[in-house]
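Each protein sequence line maps, in turn, to chains A and B. 0 is the number of the first residue of the first sequence in numbering that gives the first Met the number 0; add one for each residue after it. 0 is the number of the first residue of the second sequence in numbering that gives the first Met the number 0; add one for each residue after it.
Do not rely on the hints blindly, as some may be mistaken.
[As the list claims (entries may be wrong)] Chain B stretches covered by chain A per the calculated footprint, using a threshold of three residues with CB under 8 Å from any CB of chain A:
id	region
1	21-35
2	83-90
3	99-109
4	113-119
5	148-154
[Unchecked claim] Which chain B residues stay away from chain A? Per the calculated CB distances, all over 12 Å, these:
id	residue
6	G17
7	K95
8	S136
9	T140
10	I187
11	G189
12	K192
13	T195
14	V199
15	Q218
16	G232
17	S259
18	F277
Source of the hints: derived by calculation from the structure; they are not laboratory data. Backbone N, C-alpha and C fix where the C-beta goes; we use that ideal spot for every residue, glycine too.
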Amino acid sequence: MTDMTLPKTAARTADEAAAAKRARMDLISAVVRYSLLFGVGFLMLYPLIWLVGASFKTNSEIFAGAGFLPESPTLEGYVQGWQTSTPYTFGRFFWNSFLIILPKVIGTAISCTMVAYAFARFEFPFKKILFGSVIAVLLLPNVVTRIPQYILFRDLGWLDSFLPLWVPSALAGDAFFVFMLVQFLRSLPTDMEEAARVDGANSLQTLIFIVVPMLGPALVSVCLFQFMWTMNDFLGPLIYISSVDKYPVSLALKLSIDTTEAFEWNRILAMSVLTITPALVVFFAAQRYFIEGISAGGRKG
Amino acid sequence: MRSQRFLGYAYLAPYLIGLVIFTAIPFLTSLYLSFTSYDLMSSPQWTGLSNYERLFTRDRTFDKSLTVTLVYVFSTVPLKLAFALFIAAILNYKLKFINFFRTAFYVPSILGGSIAIAVLWRYLFSAEGLVNMAIASIGFTPVDWFGDPTNALFTITLLRCWQFGSAMVIFLAALQSIDKSLYEAASIDGAGKVTTFFFVTLPLLTPVIFFNLVMQMVQAFQEFNGPYIITQGGPLKSTYLLPLYIYEEAFKKFNMGYASAIAWVLFAIIMVLTLVAFWSSKKWVYYAGDKRS
């Protein structure tokens with residue numbers, strides 16, 4: 000109300016002053032926000048940048064300074080690290096990782112799609128209880144089933160093979176993916192499927208030719224996550240794989256720490272860089288699917 | 000609809016087989032084993048409650064390990080979630096480069112579980128490592144991260160907080176789905192930014208806070224790679240988390256019965272806390288604005 004009684008010019012300058020103040024506040028808060036984000040981003044990424052730089056340093060240089068640029072870049076760490084202290088090169092361990100990952104990802108994609116299709120498109124007795132069991136498995140800590148699983152795989156003669164790593168996943172054992180696909184399928188319209196059925200397609204044909212193409216992006220997320228998790232998995236191979244010639248990269252890296260760390264830091268760092276490279280490449284090639292997948296998982300709290 | 004019923008189960012078959020063979024039977028078997036003495040050579044010997052009696056009355060390693068685990072979980076999970084929410088709230092402003100930041104913050108989550116990052120952590124926090132160099136350069140005395148029992152666990156907490164990205168992405172997605180008219184209404188009513196955050200934003204976020212809380216807690220209780228690679232459980236068992244203890248009892252000493260008993264105690268703790276979270280969620284999780292539920 001006081002504005003009304005003021006002369007016009009004074010009112011305008013007061014308005015302008017308020018606007019200027021608001022602009023200044025906005026600027027300050029933007030500066031604070033951006034510097035905070037850049038600061039946190041730097042802290043997040045610097046260890047990784049340093050890791051890559053240090054892998055090209057000589058052993059004596061690694062602990063000499065905090066900079067990441069090597070003074071006299073050398074490939075020594077990569078060349079010697081690749082040879083390992085075992086009869087095999089790191090190439091062998093990457094191949095083993097690939098042999099574990101590929102069947103596991105395929106098995107996961109097929110089995111989880113089937114199971115999600117059943118939950119999202121069919122009515123059957125005990126459906127609610129069974130879907131509840133998916134949530135229960137999702138939350139069940141693996142630690143409580145690990146010992147009997149080990150005993151089971153030993154009795155089956157599967158120890159020191161990749162079967163304990165493949166088979167549970169091929170039977171839709173990763174409940175997170177089932178849950179994710181069910182959520183996604185439920186949000187899709189069913190009219191295409193009904194049209195296909197009217198045209199005489201059976202349920203399997205509908206699944207393969209209508210549902211799977213529509214599931215596309217969600218299925219890509221499933222495969223990418225499974226790839227990432229399997230690449231990083233350490234405890235599974237640690238328990239089940241005992242011969243060095245079957246080691247995946249995670250175990251091989253642990254082995255090289257145990258055998259060479261006292262002096263040969265750059266070998267360890269170089270091999271660390273190599274083991275995270277596939278995951279990084281896949282992530283940057285397809286990050287949209289990761290962000291969407293993780294957001295979709297959390298949406299239904 | 001008889002054929003439909005049959006078909007549903009046909010597509011469900013892989014899951015049902017897996018559920019019985021790899022989850023249900025092992026779950027019950029491990030409960031049984033926890034009452035036995037079993038070294039994998041001879042068949043399990045029933046010993047009644049003696050494993051549990053030893054755990055709770057005579058096993059000082061277990062006491063230590065349980066304490067360390069609880070300290071770890073109750074420090075890591077709140078820190079990580081608070082940090083994730085804080086960053087998500089900042090990113091939620093109309094900022095340029097939001098995708099760049101979201102990616103930068105998410106990368107550690109992609110890699111964090113890997114052995115390579117645990118290895119990197121040993122270098123970062125070693126006596127002459129990067130962290131101590133940074134501390135020394137701003138004039139403080141370097142810290143003995145791995146030699147001092149009071150510090151070692153904190154390095155693992157930091158590793159897991161570094162991976163706040165996936166929780167942050169979930170928070171950010173929830174923040175972006177909040178109806179903008181609610182903010183306008185709050186601002187017309189004269190609410191400031193802080194008030195709006197605590198009385199409008201936070202209540203609407205409770206479903207995802209709940210989701211993140213439960214998932215992160217279940218995960219934190221099973222932390223293995225960090226202590227196994229970075230600190231080997233030491234010094235003085237100050238990072239000897241229960242999963243590490245279970246692993247060594249089961250797969251190094253082959254005390255399958257005793258290891259199962261520890262696993263069941265860990266499971267009971269996780270289950271009770273999860274149930275408390277679900278039960279209490281009725282009081283603090285706000286679903287009214289959520290049309291999906």
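Tested hints:
1. 21-35: n = 8 at 8 Å, threshold three: holds.
2. 83-90: holds (count 3)
3. 99-109: Coverage by chain A holds for the region 99-109 of chain B (9 residues, Cβ < 8 Å).
4. 113-119: This one holds; 6 residues, not fewer than the three required, reach chain A with a Cβ under 8 Å.
5. 148-154: Since 0 is below three, the answer is violated.
6. G17: About 3 Å separates B:G17 from the closest Cβ of chain A, which leaves it inside 12 Å; violated.
7. K95: violated (9 Å)
8. S136: violated (7 Å)
9. T140: holds (17 Å)
10. I187: About 17 Å separates B:I187 from the closest Cβ of chain A, which puts it past 12 Å; holds.
11. G189: holds (16 Å)
12. K192: violated (9 Å)
13. T195: Per Cβ check, B:T195 is outside 12 Å of chain A; nearest 14 Å; holds.
14. V199: holds (18 Å)
15. Q218: violated (9 Å)
16. G232: holds (15 Å)
17. S259: Violated, since 5 Å does not exceed 12 Å.
18. F277: violated (10 Å)
Against the hints set out earlier in the document, violations occur for numbers 5, 6, 7, 8, 12, 15, 17, 18.
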